[in-house]
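All chains, please: the whole structure from these sequences, using the hints.
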Amino acid sequence: MSGTQTTSAVPAAGSAGRASSASPRKRRVRGTTGAFWLFVGPFLLGLAIFIYVPIVWSLVLSFFRAQNTVVPDVFVGVKNYVDMLTDSAFLGSLWTFTLFGIFIVPTTYVIALGLAVLINRARFARAFFRSAIFIPAACSYVVGALVWKLSIFNGVRFGLANTLLGMFGIDPVAWLSGTGDFPWYWPVVVTARLWLQVGFYMILLLAGLQQIPNNLYEAAYVDGAKPGWQTFIHVTLPGLRTTSVAVLILLLINAYQAFDEFYNLLGNVPYARPPLVYLYYTALGAAQDYGHGSAGALILSLIIAIVTIFQARVLGFGKAD
Amino acid sequence: MSDSTPFSGPFSGLSRRGFLRAAGGVALAGATGAGLAACGSNTGRASGGSGTLQQWYHQYGEQGTQQAALKFAKAYKDATVNVTWTPGDYASKLASGLLSSSAPDVFESQLNIEYIKSGQVAPLDDIFASVKDDFTDADIKLNTYEGKIYGIRMIDDPQILYYRKSLFAKAGVQPPNTFDELIAAVKKLSTGKVKGAYFGSQNVITDHIAAYFAAAGAPIITDDHKSGVLDPKVIAAFAKLREFYTSGGVLQSAPTEWTDPSAFIQELVAIQWCGLWALPQIQKAFGDDFGVMPIPAFGPQGKKAVYNGGWTQFVNAKSKNLDAAKKFVKWLWIDQTQYQEEWSLSYGFHIPPRKSVAAKASKLQSGQAAEVVKLAGQYGFGDNIAFTPKMATAIGDAGNKIIRSGADPKTALTTADGVVQSELKRLFG
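Chain order of the listed sequences is A and B. First residue of the first sequence: 23, per our numbering; consecutive thereafter. First residue of the second sequence: 145, per our numbering; consecutive thereafter.
Since the hints were made in silico from the structure, they are not lab data. There could be a bad hint or two in this list.
Unchecked claim - Stretches of chain B that chain A covers, calculated by requiring three or more beta carbons in the stretch to come under 8 Å of a beta carbon on chain A:
| no. | segment |
| --- | --- |
| 1 | 389–399 |
| 2 | 483–495 |
Claimed, not checked - Below, computed lysine-lysine pairings styled on BS3-like, alpha-carbon distance capped at 30 Å:
| no. | chain 1 | residue 1 | chain 2 | residue 2 |
| --- | --- | --- | --- | --- |
| 3 | B | Lys448 | B | Lys504 |
| 4 | B | Lys428 | B | Lys285 |
| 5 | B | Lys285 | A | Lys101 |
| 6 | B | Lys370 | A | Lys101 |
| 7 | A | Lys101 | B | Lys261 |
| 8 | B | Lys377 | B | Lys428 |
Beta carbons: idealized from backbone N, C-alpha and C, even for Gly.
Right, here's the structure in full:
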């Protein structure tokens with residue numbers, strides 16, 4: 023509330039000599055409102071123009087035949103939705119990425135939490151390790167994917183991964199485009215994503231860890247808890263609940279929105295194609311089929327929303343501690 | 145060189161930004177288009193004003209091409225021409241740009257039926273009639289729809305297989321005529337460090353669909369607009385491709401795609417699929433120790449194939465300066481033959497589509513370049529304008545499942561056939 027008092031103090035001082043017809047209380051409210059719109063307005067405007075208008079327009083387009091146009095005139099009802107929901111390739115991509123989410127979300131969470139706990143307990147060079155692990159998060163997904171593809175897992179015998187395998191006498195693996203039985207592209211994609219995102223979530227969890235008051239641990243020791251697993255399970259994890267829920271929700275949304283590294287590592291292949299990459303290739307890119315593309319994008323948004331709400335319910339997002 | 149690669153088809157290099165633009169462009173076509181026009185725009189001269197034409201190019205990789213485009217624009221006296229040089233995902237930027245208020249008046253691309261149906265390209269018969277005989281039938285066919293011609297071919301880029309003569313001699317193999325011979329050859333050519341052949345990594349099916357169908361001797365889309373996907377020759381061809389990819393003689397993955405000759409130049413393989421554009425680099429690396437050949441035929445009913453990619457000039461039918469735009473296109477791509485030769489051969493390495501220009505081009509008259517020109521004339525074929533990105537994805541999916549996971553060719557192609565049929569129904573009713 024101190025901010026409110028400060029802003030209202032200025033006009034009050036300026037109008038000190040004027041008639042006191044308007045009550046100071048009312049004027050204070052108006053000043054606050056002005057400041058609110060001043061600060062929020064530009065962002066709200068940006069949000070409306072760049073987020074809400076496109077979403078509403080996508081909704082409109084999804085009910086029209088919008089081929090090579092964004093001002094369509096042929097209303098087709100729910101045909102675009104029916105087409106997308108009977109398109110085995112699109113459904114396949116949704117299924118693949120539900121599985122991908124089920125795998126990558128807990129994996130990233132466990133690794134990020136493990137690193138956060140280790141760094142939190144580090145006795146020296148804590149800032150160094152924190153920065154070193156966080157740095158990949160500052161790298162673009164595209165750049166990360168290209169490093170993975172061009173130098174580490176490039177599939178020729180002098181690639182980094184194949185050189186290592188070669189030391190053990192193993193033949194070069196065509197990581198991203200092989201014909202064997204084992205899906206070698208998954209380790210590539212998963213390690214790229216882990217490398218790029220673990221540092222960021224580690225920082226969030228580290229901040230959460232530092233919020234847990236030390237006296238909780240002391241109280242636990244007094245009650246006979248042993249340091250290690252026991253305090254981790256009964257003090258650290260509950261103390262991190264709010265942060266963890268936020269991290270898990272962000273991770274899941276990220277998993278469904280996967281685009282960059284899949285696009286750059288694998289391109290348009292049926293076996294590991296995220297829904298967004300599929301929509302890009304068949305509708306929203308050069309194909310200009312904005313009706314089907316919008317329908318697909320909205321189906322994807324709906325799934326993300328439902329899964330997120332479900333997940334938030336289960337984990338108790340927003341509940342007071 | 146890979147970014148210079150003007151192979152035609154629905155896919156070229158794309159970026160996340162390009163994607164977001166396309167997606168955001170759904171609602172914000174105006175704003176997006178303005179942003180695109182501002183980025184990379186360079187006027188050939190100082191002043192703008194009314195009667196200004198907007199001309200869009202994708203980013204050619206060769207040094208000097210952009211300067212040449214600006215030079216041509218500046219040399220035109222009847223209008224101011226603003227050249228927009230577009231790095232990254234040109235196809236998507238063009239797609240959203242054409243919907244915006246700052247759409248190009250003149251642009252390069254490859255023709256598809258949607259462009260025509262949505263009025264994004266203007267018929268050019270009036271300016272083209274006088275030189276029709278000077279263009280190859282193939283180039284005219286792929287720019288013609290229902291008797292009207294919509295684009296003027298700017299460059300032709302045939303795709304062939306490059307091979308190392310010395311490695312062939314050492315292994316005792318002859319240039320193969322059929323895929324069976326090719327499979328036998330790559331097995332013999334594979335020695336510890338060198339593999340037999342490289343056709344590409346991730347885009348090995350999608351980029352080559354047209355060529356595989358041609359080599360199988362079956363059209364993807366028949367002349368009466370039917371799907372040719374389930375032709376027994378096609379099914380057999382995809383089974384043969386599986387055999388080829390699992391023969392042990394194929395380099396399945398490399399840092400660069402087939403559009404870049406690096407895998408061949410670094411001596412990772414004895415045969416590589418690439419385009420005419422790579423010939424100068426390959427010549428520099430190996431001198432005379434290389435040859436070119438068409439894609440071998442699949443079985444006795446198939447035929448050898450050379451896919452002719454390239455770029456074509458179009459006029460936006462919705463342009464406010466339609467007549468001025470057509471006049472400019474006629475000037476640049478029909479009247480100024482010296483510029484056409486310069487565009488094809490002074491920076492990169494392409495075949496000029498004009499027979500009279502190609503005949504004068506000394507660089508194309510000797511060595512392997514002459515051989516490529518000969519093969520392109522003998523076995524060359526171009527895109528089908530009814531082939532859509534959705535069809536490419538469906539057939540690419542089927543192909544990937546067949547060659548990578550050993551799926552049954554008929555089952556996999558049946559799914560693709562369904563998509564091709566529904567696309568054809570959408571296009572032709």
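Exercise. Can you take a look at whether the segment 483–495 of chain B is actually covered by chain A? Rule is 3+ residues, C-beta closer than 8 Å.
Key: Violated: only 0 residues of the segment 483–495 of chain B have a Cβ under 8 Å from chain A.
Quiz prompt | Given hint Lys285 of chain B paired with Lys428 of chain B - CA-CA distance at most 30 Å | solution = violated (35 Å)
Quiz item: Given as covered by chain A, does the segment 389–399 of chain B meet the bar of three residues or more with CB within less than 8 Å?
Solution: The restraint on the segment 389–399 of chain B holds, since 7 of its residues have a Cβ under 8 Å from chain A and three suffice.
Quiz item: Are the Cα positions of Lys101 of chain A and Lys261 of chain B separated by 30 Å at most?
Solution: Distance ~21 Å between Lys101 of chain A and Lys261 of chain B Cα, so the pair holds.
Quiz item: Hey, Lys285 of chain B versus Lys101 of chain A, does the alpha-carbon distance stay inside 30 Å?
Solution: violated (34 Å)
Exercise. Sort out whether Lys428 of chain B lies within 30 Å of Lys377 of chain B, counting only the CA atoms.
Key: Roughly 39 Å between the alpha carbons, so the hint for Lys377 of chain B and Lys428 of chain B is violated.
Quiz item: Straight-line Cα separation of Lys370 of chain B and Lys101 of chain A no greater than 30 Å?
Solution: OK: Lys370 of chain B and Lys101 of chain A at ~23 Å, within 30 Å.
Practice problem: Mind checking the alpha carbons of Lys448 of chain B and Lys504 of chain B for me, to see if they're no more than 30 Å apart? | Solution: OK: Lys448 of chain B and Lys504 of chain B at ~28 Å, within 30 Å.
When the structure is compared with the earlier hints, violations turn up for hints 2, 4, 5, 8 and for no others.
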